[in-house]
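Engineer: All chains should be modelled from the sequences, with the hints used to inform the complete structure.
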Amino acid sequence: MTMKTYRIRKPKIVVIGGGTGLPVILKSLRNQGVDITAVVTVADDGGSSGELRDSITTITPPGDLRNVLIALSDMPKLYEDIFQYRFHEGDKFLANHALGNLIIAGMSEMRGSTYEAIQLLSKMMHVDGKVYPSSDEPLILQAVFEDGTTAIGESKIAIDRKTIDHVFVKNQANNELPKAARKVVSSIMEADMIVLGPGSLFTSILPNLMIPEIGEALIKTNAETIYICNIMTQKGETEHFTDAEHVKVLHQHLGQPFIDTVLVNIEKVPEGYMDFEIYDEYLVQVKHDFQGLRNQGCRVVSTDFLKLHDGGVFHDGEKVVSELLRIVYSAKK
Numbered sequence: 008m009t010m011k012t013y014r015i016r017k018p019k020i021v022v023i024g025g026g027t028g029l030p031v032i033l034k035s036l037r038n039q040g041v042d043i044t045a046v047v048t049v050a051d052d053g054g055s056s057g058e059l060r061d062s063i064t065t066i067t068p069p070g071d072l073r074n075v076l077i078a079l080s081d082m083p084k085l086y087e088d089i090f091q092y093r094f095h096e097g098d099k100f101l102a103n104h105a106l107g108n109l110i111i112a113g114m115s116e117m118r119g120s121t122y123e124a125i126q127l128l129s130k131m132m133h134v135d136g137k138v139y140p141s142s143d144e145p146l147i148l149q150a151v152f153e154d155g156t157t158a159i160g161e162s163k164i165a166i167d168r169k170t171i172d173h174v175f176v177k178n179q180a181n182n183e184l185p186k187a188a189r190k191v192v193s194s195i196m197e198a199d200m201i202v203l204g205p206g207s208l209f210t211s212i213l214p215n216l217m218i219p220e221i222g223e224a225l226i227k228t229n230a231e232t233i234y235i236c237n238i239m240t241q242k243g244e245t246e247h248f249t250d251a252e253h254v255k256v257l258h259q260h261l262g263q264p265f266i267d268t269v270l271v272n273i274e275k276v277p278e279g280y281m282d283f284e285i286y287d288e289y290l291v292q293v294k295h296d297f298q299g300l301r302n303q304g305c306r307v308v309s310t311d312f313l314k315l316h317d318g319g320v321f322h323d324g325e326k327v328v329s330e331l332l333r334i335v336y337s338a339k340k
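Using my numbering, the first residue of the sequence shown is number 8, and each one after it goes up by one.
Errors might be hidden in some of the hints.
Derived Cβ-Cβ restraints for the label pairs, each shown as a range [as the list claims (entries may be wrong)]: (1) 166 - 285: 17 to 27 Å; (2) 95 - 336: 43 to 53 Å; (3) 299 - 131: 42 to 52 Å; (4) 92 - 168: 30 to 40 Å; (5) 89 - 283: 26 to 36 Å; (6) 85 - 262: 43 to 53 Å; (7) 151 - 40: 39 to 49 Å; (8) 130 - 277: 36 to 46 Å; (9) 103 - 166: 17 to 27 Å; (10) 88 - 127: 19 to 29 Å.
By construction, these hints were calculated from the structure, which means they are not laboratory data.
From the three backbone atoms N, C-alpha and C, an ideal C-beta is built for every residue, glycine too.
Structural biologist: Structure follows, in structure tokens:
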């Protein structure tokens, strides 16, 4: 491909994950002149999403999809507030449900497919990019711990704080191996860059990669594959993990190295800053092992990616996206 044709065509970036980290990156990536595809986990079984998937067993959990749609939408703030509105705890059967979750659930039932519902909502919400659930079926995430015991369900995995050996996903309906939703695999194969994270390693990122077709596509794609390493370790998931150990887990799950570049935050979180009552799943900052990353064939980009607000520790979306754009454009020279 010549540089001339590349300047005409927008670079294609596929972002894979779930949880709160994914929308941060997508919001900053929007309006940057790139072709965005978000692939979103459908293994969430907690909170409003979990209750809805229990009530309507044919739909995938809507919470992460809702947040991604909003991150890529240019809707006025009022519409966003309506979509994000959460009913009060005293509202009986509507308690704690986000209005957007109910809309996605209703449209999924109406269309007979979460995939179709999200495509329709993307048009209604003027989404800049494409949003795909990783599978059109709700998935059950299962963890096997080093002591041989298991936990079933994304929300149950961290409870006992055991060391995880590996995770895998099955269809909720029939316990079979899941299939990727339409266009997910082709998006990965046609991408210039794949971005994993930021997000919980075992419960937001790996549930997508454990869908066999998606894992195979990530191994085969020629795209630059980037992992945005978490800033903090998480209880029951990545306790005592270095950045190199995060990548080691990803490589072990797919059976071979596939991460090209790792983005690592090296800015220190101020002592006593973190509000651990609100952010109770986080422990300490991820320690660095740059040699361990290089030994796995990864290029390391280490700088200040830190953003602090409301007692929490987050990735600075603008700084991360600036680095992603630098990499995707320099790769084409």
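Engineer: Look at each hint and say if it fits the structure.
Structural biologist: Checked hints:
no.: 1; hint: 166 - 285: 17 to 27 Å; in the structure: 19 Å, holds
no.: 2; hint: 95 - 336: 43 to 53 Å; in the structure: 47 Å, holds
no.: 3; hint: 299 - 131: 42 to 52 Å; in the structure: 46 Å, holds
no.: 4; hint: 92 - 168: 30 to 40 Å; in the structure: 34 Å, holds
no.: 5; hint: 89 - 283: 26 to 36 Å; in the structure: 32 Å, holds
no.: 6; hint: 85 - 262: 43 to 53 Å; in the structure: 48 Å, holds
no.: 7; hint: 151 - 40: 39 to 49 Å; in the structure: 43 Å, holds
no.: 8; hint: 130 - 277: 36 to 46 Å; in the structure: 44 Å, holds
no.: 9; hint: 103 - 166: 17 to 27 Å; in the structure: 20 Å, holds
no.: 10; hint: 88 - 127: 19 to 29 Å; in the structure: 21 Å, holds
Checked against the numbered hints listed earlier, the structure breaks none of them; every hint is satisfied.
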